[in-house]
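Visitor: Protein sequence lines correspond, in order, to chains F and D.
Note that the working numbering has the first sequence beginning at 57, numbered continuously upward.
Note that the working numbering has the second sequence beginning at 57, numbered continuously upward.
Possibly wrong hints are sitting among the right ones.
Pairs count within a copy or across copies, as identical chains cannot be separated in the list.
[As the list claims (entries may be wrong)] Taking lysine-lysine and the DSBU-like style, the derived pairs with C-alpha atoms no more than 35 Å apart in a straight line are:
hint, residue 1, residue 2
1, Lys453, Lys414
2, Lys77, Lys104
3, Lys453, Lys77
4, Lys145, Lys85
Bear in mind the hints are in silico, worked out from the structure with no lab data behind them.
So you can see what is in the structure, the chains are spelled out below.
Protein chains: 2
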Amino acid sequence: MTKPLRLGIAGLGTVGIGMVKIVQNHANKLALRAGRPIEISAVSARDKTKDRGADLSAYAWEDDAVALAQRDDVDVYVELMGGHDGPAKDSIEAAITAGKDVVTANKALLAIHGQALAEQAEAAGQVIRFEAAVAGGIPVVKALTEGLAGNEITRVMGVMNGSCNYILTRMQDAGLTYEEVFDEANALGYLEADPQLDVGGIDAAHKLAILASIAYGTQVDFDAVDLEGIGSVTIEDINQAADMGYRIKLLGVAQLTGRGLEQRMSPCLVPDTSPLGQLQGGTNMVVLEGDAVEQIVLRGPGAGEGPTASAVAADVIDIGRGLRLPTFGQPATSLVKARPARAAVSAPYYIRLQIVDKPGSLAKIAAVLGDAGVSIDRMRQYGHSEPSAPILIVTHKTTRTAIDEAMEGCVATGLVEGDPVTIRIETV
Amino acid sequence: MTKPLRLGIAGLGTVGIGMVKIVQNHANKLALRAGRPIEISAVSARDKTKDRGADLSAYAWEDDAVALAQRDDVDVYVELMGGHDGPAKDSIEAAITAGKDVVTANKALLAIHGQALAEQAEAAGQVIRFEAAVAGGIPVVKALTEGLAGNEITRVMGVMNGSCNYILTRMQDAGLTYEEVFDEANALGYLEADPQLDVGGIDAAHKLAILASIAYGTQVDFDAVDLEGIGSVTIEDINQAADMGYRIKLLGVAQLTGRGLEQRMSPCLVPDTSPLGQLQGGTNMVVLEGDAVEQIVLRGPGAGEGPTASAVAADVIDIGRGLRLPTFGQPATSLVKARPARAAVSAPYYIRLQIVDKPGSLAKIAAVLGDAGVSIDRMRQYGHSEPSAPILIVTHKTTRTAIDEAMEGCVATGLVEGDPVTIRIETV
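Given these sequences and hints, build the entire structure.
Guide: Below, the structure is given as structure tokens:
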């Protein structure tokens with residue numbers, strides 16, 4: 057049999073231990089599939105003494121990830137520590153310099169330093185693979201980079217943060233407020249130490265920026281993601297949207313338009329009959345659209361020991377099999393800087409306004425919308441007996457600018473109480 | 057730039073022309089992604105004079121696919137003619153002998169001759185790739201072979217014949233009989249020249265047998281697929297199943313059990329809230345389950361010019377990138393002959409019986425089921441005023457043998473009119 061592929065694994069949290077278990081439990085299978093045995097030479101984590109539920113005694117231990125990355129008996133450096141700077145970045149750079157290939161699950165690192173790392177790796181003839189960085193166990197990086205490589209990609213969409221989707225579906229199912237479910241999810245340990253990474257949409261936006269780079273041949277540009285978390289989603293809007301046949305999702309969308317690359321991560325309405333609309337709980341879903349393939353939908357667990365380790369193992373096996381792709385699917389030096397486009401793609405919008413219930417109010421609001429060029433598809437009014445009543449509007453396709461102008465106009469009438477709510481409806 | 061990868065394309069139907077268009081329209085993108093230009097040297101089809109809506113004048117023409125496969129200016133032979141013997145097989149064998157790699161969309165050929173072809177190719181150091189053979193544009197061969205390579209696969213399921221799914225959903229939506237929708241579909245050109253390939257489940261079973269080989273490291277064994285088409289599905293069962301919260305799908309399932317490899321392609325009930333249950337029309341869906349990844353669901357177009365050509369292009373680009381895998385993901389000589397297992401995996405069943413409506417009938421039927429070891433989960437009876445009335449039963453998990461025994465017993469009571477209907481409920 058050919059020479060084994062020797063791993064150095066840094067980071068022994070759930071994913072790291074999941075990967076150790078796969079290597080230990082599936083040695084024969086992995087060797088057959090990779091064409092060579094896959095072995096672990098050494099591991100590294102913060103605390104050597106901690107019981108992690110796996111036997112690590114056969115592996116060398118390094119306290120320092122950089123030292124691990126440079127070991128002579130390591131062919132592939134597997135970085136599972138996380139963090140977009142510090143030891144994760146230092147050790148990956150050291151691994152590349154030392155002639156190692158790299159497998160990582162680190163979405164933040166790639167979203168921020170992906171271009172520089174890709175250039176460094178490709179100049180050195182090393183590969184960086186990162187299936188686990190996006191949507192956990194779903195092989196979406198592979199599907200996009202390889203499976204749809206014959207396509208001009210026209211749209212990438214996804215629900216890529218399980219915690220947010222859990223919160224939004226739980227709000228709807230239990231009729232609870234955002235704050236109530238947030239506290240519940242936090243107590244259950246569903247949220248990152250810094251919950252803004254989840255509920256602020258940052259984690260999902262990291263993933264979107266990575267997919268956009270692969271899809272459009274552009275340099276990853278996390279800062280250009282138009283980012284809005286789920287903190288302002290109310291149970292009222294979830295219920296009203298449901299009444300109109302929609303669900304609210306934290307949806308990432310990346311589209312290359314004539315005006316530049318639009319990357320959005322924000323709450324959106326999607327039809328409740330669509331695959332995205334039907335996605336419950338912590339599951340992830342990515343929708344890939346291309347000129348030839350039309351639409352592919354991928355669904356699966358976005359996190360967890362097994363699923364994420366499955367993705368890490370796939371990358372390792374690919375390297376064992378001799379697959380040597382540029383990091384983002386084409387040479388890093390060929391990736392272009394895309395002009396960021398904000399709100400370039402028009403869409404229908406959901407609008408909720410609380411209006412003073414007096415004769416002519418509705419007509420006046422409708423007129424203001426018309427003046428702004430916003431055309432109404434459907435409208436509902438509730439609770440006529442109250443001094444003010446909510447009206448719900450679904451518009452035809454329009455621009456963000458027109459919606460903003462229309463809302464300013466509505467507020468200026470003095471007929472609107474509080475702030476208007478406007479949420480994009482993504483056509484899926 | 058490195059040397060171009062030169063294609064010879066045999067078969068210029070929709071898929072072949074779709075592939076020609078991708079090569080022509082996306083030359084720059086393909087070159088960047090494959091790391092080298094992708095060019096077409098020569099093409100072949102039955103009729104040179106036919107207008108196919110694409111400019112083929114720059115390519116050499118061969119009347120004979122074998123001659124095309126052996127041309128010096130061809131690196132990759134792309135077989136898109138179809139048929140499990142004759143020119144398709146001859147030309148692929150000739151291509152391998154002549155030192156070419158092969159890309160094919162030919163499920164029948166692989167399901168029947170896959171093992172021999174894989175052994176021949178691997179002995180010669182050539183690769184055979186066939187993403188387009190299974191589920192059209194969905195990159196499921198890649199997801200299974202590469203994306204989930206770190207897993208022990210525990211179940212492969214899929215709705216992999218769009219025509220059957222179209223027929224079944226159309227029956228339900230329009231309240232039409234199987235015969236009515238069959239004629240409609242045939243008139244619309246949705247069915248193969250030999251419709252049994254579709255409605256008999258053969259085409260879908262080819263695909264299942266291929267996926268099973270990859271999933272379980274077994275030699276592809278199409279003859280062992282337990283095959284039942286959709287011809288016996290009635291609108292009555294579709295409606296009754298809907299009443300109980302299920303949809304009827306032509307579902308392929310492959311599972312490696314202690315008793316051997318079970319491969320089934322048959323009408324099954326699935327919950328109407330599941331991704332499989334919600335699949336409408338001609339779309340395909342494959343569900344892959346593994347010990348680490350849990351469950352991945354892939355959904356997309358299972359046929360058509362663009363989607364199928366997208367899969368062909370992905371294979372070509374993979375070869376351009378230097379990916380050289382064994383045909384079924386591990387060396388063909390390491391694939392084991394699996395013992396076929398029939399009905400090894402127990403499941404709940406849906407039963408519809410027309411019983412004579414007299415006192416004690418129901419109790420007697422229930423007793424017969426109990427004696428056969430079949431435990432009832434839910435039961436419904438309709439139309440007490442009629443001389444006979446249908447009863448619907450959903451059982452707890454049981455075996456095919458127990459169900460068959462129970463039905464024999466029910467018929468023996470003399471209380472059952474006509475043949476009992478029993479349909480497996482797949483847990484998804």
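Visitor: Now tell me, hint by hint, if it's right for this structure.
Guide: For each hint, the structure was consulted:
1. Lys453 x Lys414: within (29 Å within a copy, 61 Å between copies)
2. Lys77 x Lys104: For Lys77 and Lys104, the Cα distance is within 35 Å only inside one copy (18 Å; across copies 57 Å).
3. Lys453 x Lys77: between (50 Å within a copy, 32 Å between copies)
4. Lys145 x Lys85: both (32 Å within a copy, 30 Å between copies)
Figure legend: structure checked against the earlier numbered hints; every hint is met.
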